[in-house]
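One letter stands for each residue in the lines below.
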Amino acid sequence: MTATLSIRGLRVARDGHDVIRDADLDVQPGEVCALMGASGAGKTTLLRVVAALEPFDAGVVTVAGVALHPGAVPPQSHLGSLRRNVALVFQAHALFEHLSATENVALALVHVHGWPEARAAARAHELLESLGVARRANALPRALSGGEAQRVAIARALATDPAVLLMDEPTASLDTARREGLSETVRSLADARRGVLIATHDTDFARACADRVAHLADGTIRER
Amino acid sequence: MRTTTAAACRAAFLAMTVAALAGAQERLAAGAGSRVLRWGGDAEGGAPFVEADPRNPGALRGFDVEIAEMIAKGLGRTPRFVQVAWPQLEASVERGDFDIGLSGVEDRPELRARHSVTIPYYEFRELLSVRTADSARFRSLRDLAGRRVGTLASTLAYRLLLAEQARTGLVPVSYDDDVHPFTDLVAGRLDAVLLDDIISARSSRRIAGFVVQPAPVAASYYVGVLARADSALRDSVDAILLAAMRDGSLEESFRRWSVWNVTQRAHIERVLAAPEMALGAAPSAGSATLGGYLPALIRAAGITLLIACLSMALAVALGVAVAAGRVYGGGVVRTGLTWYVEVMRGTPVLLQLFVIYYGFAAVIRLPAFAAAVVGLGLNYAAYEAEIYRGALQAVPRAQLEAARTLGFSELQVLRFVRGPLAFRYALAPMTNDFIALLKDSSLVSVITVVELTKQTAIYATNVGSWVVPGMLCAAAYLAMSLPLARVARGLERRWHVS
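Heads up: the sequence lines are chains X and U, in that order. First residue of the first sequence? That's 1 in this note's numbering, and the numbers climb one at a time after it. First residue of the second sequence? That's 1 in this note's numbering, and the numbers climb one at a time after it.
Here chain U stands alone, though its shape is the one from the complex (with noise of 0.2 angstroms):
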């Protein structure tokens, strides 16, 4: 279900205001009384949730998408699929771009107060995986008082691991994909994984080394979320759901797709009895108030401006390591270091990073921190060389030669003239690199690490809007960035090279 890809979420902001734009125009498109029912969902999550058909790709199939199929005809309409990021449902439905989320959507109380929400048509249970030797010690969340357990960002599974942390001081992991910390469990970078039972049964069909405990950690269910206005269309699909709890077609999908089991029975059996009641039972994990989240959002800022620091000295080391070979090199090691720079700037630091935690874990299992350093700083090395090679060669040939006449030797040259000469040209370019680090440090979200944007985004799934999150970050990116520029412009005030 809740696959998202990193590039996504943080392209939040954007999505949200471009979109702007093309939800008009949908909506003009489906207009009053609509023949077609769009209906939001993450084909990324996969089976058997949503996923492309592996015999026709251009199809969907998943229980959620039969699902989708029951209300649009019950309604009257043709479902229409808008893929959305899973986290981003929610805001997605309330702006207007689909009529109706289905994804794994997890019912939860501040989703009531903020949307019209469907009754619950499945019942998830929340599960510990554990590695297959730790199945006797760890059983519960109270065993695993101050170890490491991953789940995805933006679940309930998630928020029950923070109240957890403030607990026992367990270390909530978060993932942007449903896959890697079943791999990190088994690979040892985990002592367990938090999802739920649809999704830890799937994994355990795929991968080996993990058992899953039986006994639920808790208890949610899956909703279909509309806007908050859209309460009419609610009922309907409501009593489109309760017709297929009744008629069995629901009970016949889930089976299709291996998820029906005796909770679901039950659930099923409860909802029907008493319809009213299936409303506002969602298991509440604690609430998002500013004062809650605002120490974890310094504290993710804090882990933003640290790994931007650390990431730049390791850029700045490298990158001076790879311009000097490319200027004063022989001919091998310019070649190795051209390609060096060619190949760290002509591939997305998105993959370097996934290839530098997941591809090399066999090699080296490097801290999710360790591994977001390395990588942007590798990357940024390759653009900091070129920045230094640049300015090495700017240095006037006369400044050389007339330090080479007073008898200094190439390396003095270079450590007394030609360096701090090219160390003055590329600070404009270098501060301005820093502060695109400080903002591409937000992509190590995809290795587990929990930065300002991350944490950001939890909050605003969390409190259901990126108005108030979404300031709070861009003030805290500006207050980190905002300064060192005012430094670096009166270094290079201070500096100026005629």
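Chain X on its own, in the form it takes in the complex (with noise of 0.2 angstroms):
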């Protein structure tokens, strides 16, 4: 089976030393891979490198058949099919503060994909009742509880049906009770198509939702 994203050699480094060296990774269709480790280990670098957010110094990243190479992020002209095919759930959410949960989840189907606004509120009606939140619809990200932002970033992530879907310490503002919720969640995102990775240090919560987990400490990766 061909991986969704791969990662072959990587090497960040960050003021003169190596944030991440020789990591190589690979997460299939279907597949959810938790990668764990320390706070500063390199988890969330990791991820914004996958999701052409920071550059790196070494290796390449394929994801869903998009290469990137060492070197500045390309210009975001540049980058359309690695956009559609990765989405990445932020730490803090970071869901729009002046939109809606609806326009959150529409925006980029209306304004990048060039869907009729109709047409990308039912989607994103759809993926919010999905995920349980369809009644914080009209909600502003202020008024949402972690958990319920934490949904509703997810289905943002997902408006596009992307090949890779990268979360962020998707725990980190949720209680126990809310995790457990959101471990089956996740379990339900990876499908034929799509794999998904998740930056951790909570044990349980990979333990509970991941096919398989990688750990990320001095720098490189080993699976276990």
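Calculated directly from the structure, the hints in this document are not laboratory data. Mixed in with the good hints there might be a few duds.
[Stated by the list, open to error] If you anchor each label on the Cβ, the simulated ranges turn out as follows:
1) T335/U - E223/X: 48 to 56 angstroms
2) A313/U - G30/X: 53 to 61 angstroms
3) P396/U - S77/X: 21 to 29 angstroms
4) Y328/U - S173/X: 26 to 34 angstroms
[As the list claims (entries may be wrong)] Over the 10 angstroms line for every Cβ pair with chain U, so calculated as not near, a few chain X residues:
5) S6
6) R14
7) G16
8) H17
9) D24
10) G40
11) P55
12) G59
13) L131
14) G132
15) G146
16) D175
17) D191
18) R212
19) A217
Think of the CB as a built atom: it goes at the ideal place given N, C-alpha and C, for glycine as much as any other residue.
The two chains are supplied separately, each in an independent frame; assemble them into the complex guided by the hints.
In structure tokens form, the structure reads like this:
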């Protein structure tokens, strides 16, 4: 099977020292992979490199057939295919503060992918419904609880049906009950086409939802 | 005589309050039976009234200076000059800032009703100045129906023009100084200037391209003005002035300043023949009532609001462009825009208005209203740009990155995420700026736009008090700014951004 995300020989240096070095990682379609490590180990950096938000210094990152190479992050206009196929759920959600839950989900569908507004709104509603937050469709982010905001952020990430879903510390702002609910949700996100890579330091959560756990320590990845 | 600074005019309220303390101190220092005669005048008016002596800039000269010296000598006192903006002379003398105001103060019935006024010591005539090419067709105010005629605000000439406006549709244009009416006449912004013969003659020596029509439009007198309660001092001053008329010393002074003419001889003869007849002889151009001024004040408030709204629209549009350039532009663009912001913020808006209206007149001759909107708009754009730049930079990086991961181009990120969020952050300081702009719009009176504060100053000069005009003016500003502040607070609550 062809990996939907493939990292080979990745090296990321910041301020003169390697944050990540010689890292290899594959995520297959239908697979949930947890990337564990202590705070500051480089988990978020790795996700940001895959999402083409940060440059890297060596290696190759291939996402849904699109290869990223060392050097500066390519301009946004060169990243269309990658943007369609890679979605990132930020640790603090980063929902657009001035838009409702529905608008957060539908915005890119309308303005990036050219969907008619009605169709985008229907898709947004469908996603919010499937994640159990449809009743909060008109709420602004500041009115949402941590768990609700997390689900809206996932819905926004899934709007374009990406091949790779990246999640950065998804349990950071959740209580125990919501963490269990989230692990079920995450399991359901990986399907025949999509792989999920989660950066977390939450061992229980990783065990509950991941098919595979990789550890990032001292800049290198080891799988167990 | 009457060149005034707009700043002084607008600072009247503050000056009145602050000067109350200083005035009390002065009175204490002067004391009863003081050996000092404090006389008020406006040295910005220049020769032949009151001007700094070019050979000794610390000293003053002019016929009003000499009259003050004559009066002080007659009273056995030492003259001491007190600088006061011309429109404020009457209010200032009444509150005790000085003993007598002498700076081309025009006689009129309202002045006599509110203050102690000396016998008229000089008769002046209001004369029309027109471009040389128009000398045959513009001979009187009647020939100027629908035309723009400039003069100094708060003068008999201005009141004559207002009366003519009601009759023929002539357009009065008020100035804060007596030089720019003539330069604007020559430049074609005005069709005529109505000012007294002394100022007209002085300007015709300095500026070419216009002629002074000989037929007077009206005549009146210069007088000294004292506080209403100072009638005893006024009587002493009258006696001194009559003596100076009799012994020829007044004539000598007028001759020294080249303002002696046959009119003065006849005037002095009339006064000496029947001094009591010289009182109450002033012509009236209509008295000021609240009812009469209310439409003008409402119209002026409308102009203030319109200038503020249009200037703010320009400032916002330009501010957005400058801020975007400073955040997204290349090195050259950023440097250029930084210079723009620093120059506009670092120089007085009054100066900018002067440069745009008068300085650029040879290149682009903007109408006063347009120059006011452009001047204030360009100035406030610098402040808006800084607010927007700060607001753009305050949008959390995660919001921008979230938009990028969703595939938005940088322009779309600005349009759909960064811009709307920055606008919400900028709303409170923008409201603040708009209210400040509403008040700063009073500065445009220096380029002949009669807005609310200017109209109030004209009204206050006419009624001789700032109490009612000041309260009406303040109420009008509040009526415009408070609803805006309320709407802004509502929007802030609605758009509250975490």
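Evaluated hints:
About 52 angstroms separates the C-beta atoms of T335/U and E223/X, a value consistent with the hinted range of 48 to 56 angstroms. Checking the proposed 53 to 61 angstroms range against A313/U and G30/X shows it holds: the Cβ atoms sit about 56 angstroms from each other. Between P396/U and S77/X the beta carbon distance is about 24 angstroms. The supplied range of 21 to 29 angstroms therefore holds. Between Y328/U and S173/X the Cβ separation comes to about 33 angstroms, which falls inside the hinted range of 26 to 34 angstroms.
With a least CB separation of 19 angstroms from chain U, S6/X remains clear of the 10 angstroms interface cut-off, as annotated. Every C-beta of chain U lies more than 10 angstroms from that of R14/X, the closest at about 16 angstroms, which supports listing it as non-interface. The claim that G16/X lies off the interface holds: its Cβ sits roughly 23 angstroms from the closest Cβ of chain U, which is beyond the 10 angstroms cut-off. No Cβ of chain U approaches the Cβ of H17/X within 10 angstroms, the least distance being about 23 angstroms, so the stated non-interface status holds.
Separation of D24/X from chain U is adequate, the least Cβ-Cβ distance of about 24 angstroms exceeding the 10 angstroms criterion. G40/X, annotated as away from the interface, keeps every beta carbon of chain U farther than 10 angstroms; the closest lies near 18 angstroms. The non-interface label for P55/X is consistent with chain U: the shortest C-beta to C-beta separation is roughly 14 angstroms, beyond 10 angstroms. The non-interface label for G59/X is consistent with chain U: the shortest C-beta to C-beta separation is roughly 21 angstroms, beyond 10 angstroms.
The non-interface label for L131/X is consistent with chain U: the shortest C-beta to C-beta separation is roughly 17 angstroms, beyond 10 angstroms. Listed as a non-interface residue, G132/X keeps its Cβ farther than 10 angstroms from every Cβ of chain U; the least gap is roughly 22 angstroms. Consistency note on G146/X: stated as away from chain U, and its beta-carbon is indeed over 10 angstroms from all of that chain's, at 13 angstroms minimum. At roughly 20 angstroms from the closest C-beta of chain U, the C-beta of D175/X stays outside 10 angstroms, upholding its exclusion from the interface.
Under the 10 angstroms C-beta cut-off, the non-interface status given to D191/X relative to chain U holds; the minimum distance is some 20 angstroms. Distance check on R212/X: its Cβ is at least 24 angstroms (rounded) from any Cβ of chain U, clearing the 10 angstroms threshold; non-interface status holds. Remark: the non-interface label on A217/X is consistent with the geometry, its nearest Cβ contact in chain U lying 26 angstroms away (cut-off 10 angstroms).
Checked against the numbered hints given earlier, this structure breaks none of them.
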